[in-house]
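Enquirer: Heads up: the sequence shown at position 227 corresponds to 230 in our numbering, and the numbers run straight through without jumps.
Since the hints were made in silico from the structure, they are not lab data.
C-beta: ideal position from N, C-alpha, C; glycine also.
Hints should not be assumed to be uniformly reliable.
Okay, the calculated beta carbon distance ranges per label pair [stated by the list, open to error]: (1) Ser312 <-> Asp53: 21 to 31 Å; (2) Gly86 <-> Ala314: 41 to 51 Å; (3) Thr120 <-> Ser322: 32 to 42 Å; (4) Leu127 <-> Val56: 44 to 54 Å; (5) Arg147 <-> Glu252: 24 to 34 Å; (6) Ser95 <-> Ala314: 40 to 50 Å; (7) Thr60 <-> Asn330: 48 to 58 Å; (8) Arg18 <-> Ala270: 31 to 41 Å; (9) Gln32 <-> Ser233: 43 to 53 Å; (10) Leu295 <-> Ala241: 40 to 50 Å; (11) Gly86 <-> Arg18: 39 to 49 Å; (12) Asp304 <-> Glu189: 34 to 44 Å; (13) Ser312 <-> Ile80: 26 to 36 Å.
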Amino acid sequence: MQPSSLDRLNDLLKRVSRSFYLTLRILPQSLRTPIGLAYLFARAADTIADTAVISPTERLTLLEQFRALFEYCDAAILRLLHGRLVGSQCISAERELLSSLQECFVVFHACTQGDQTRIRRLLLTLTQGMVMDLTTFPPEHDGRVVALKTRQDLDQYTYYVAGCVGEFWTEMYVAYRPSLEDWDVEIMKQWGVRFGKGLQMTNILRDLAQDLRLGRCYLPLEELTAYGLSPAQLLEPAAITHVRPILQELLGLTLDHYRWGWSYTLAIPRREVLMRLACAWPLLIGLRTLHLVARADNLLDPSVTVKISRAALYRILISSSLLVFSNRGLQQYANHLARL
């Protein structure tokens with residue numbers, strides 16, 4: 004791999020995700036390139052799926068062409084994606100990311116066969132969630148609101164977009180860290196799936212009002228119907244009174260996912276300090292965010308912003324770093340942040 008390409012991709016990572024870049028910087032060196040590369044591919048796919056000036060039908064086609072690049076890297080497809088997508092991006096970092104796909108695939112093909120297989124499997128699964136978004140929900144801003152049908156659909160969606168990341172991280176760590184040779188990989192992958200689902204459920208609950216205004220309701224229709232609600236009624240903030248029981252159930256489900264995420268984190272050997280922090284940070288930030296979600300005045304009101312402060316973020320990073328060797332200390336700190 005050319006150092007110049009890696010430097011450019013590292014700069015892109017920093018620009019497209021400041022929060023993930025914090026985690027990436029503390030990963031063991033051997034894991035930074037394959038995991039960072041997988042993240043860039045995921046962001047590129049997400050950008051393709053979210054380019055609203057292009058019809059959902061065409062976005063689906065472009066997404067399928069992007070997926071095909073992991074089987075055979077076709078320069079013609081790369082040129083097509085560049086020509087159709089780059090000019091439509093308002094955010095400069097996303098334009099640059101799509102312009103850098105060829106470099107990303109050069110780095111991808113320089114990875115080990117094992118890393119290529121793991122990254123390919125991750126991307127083909129993650130993008131299933133994007134396909135689900137594009138085929139389930141109406142075009143943005145067309146006035147309709149459509150909901151996922153069942154709790155099972157919601158669970159499947161959270162697996163596609165985040166749970167599979169827990170599997171990927173587990174496989175990557177086991178491949179590179181000899182200290183994990185005693186892990187029961189299948190059990191740890193299951194816990195990793197719950198870890199990812201918890202983080203995604205937090206995002207879904209936090210962004211509920213904004214997603215509704217894009218026509219997307221992740222609260223299952225069967226549960227809304229049981230309370231006499233339609234998805235469109237959730238556009239009215241006053242509906243919060245009727246939807247609170249559903250939100251409470253989903254908060255409980257999310258917290259249960261986090262418990263398995265903590266089982267995963269505390270199973271990491273204490274000497275794997277960087278790995279423990281890389282897992283503890285998103286869980287702690289997610290738990291604090293979930294606490295704010297649970298106490299938000301009205302999650303259906305688009306003017307309500309749920310976000311932890313920069314000061315709170317720094318406190319989490321510092322406190323968890325001091326507690327990283329203590330399972331009991333980390334668990335107590337997590338319980339303090341949650342306080343649901």
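Enquirer: Okay, which hints does this one fail, numbers in order?
Expert: Of the numbered hints, 4, 6, 10, 11, 13 do not hold.
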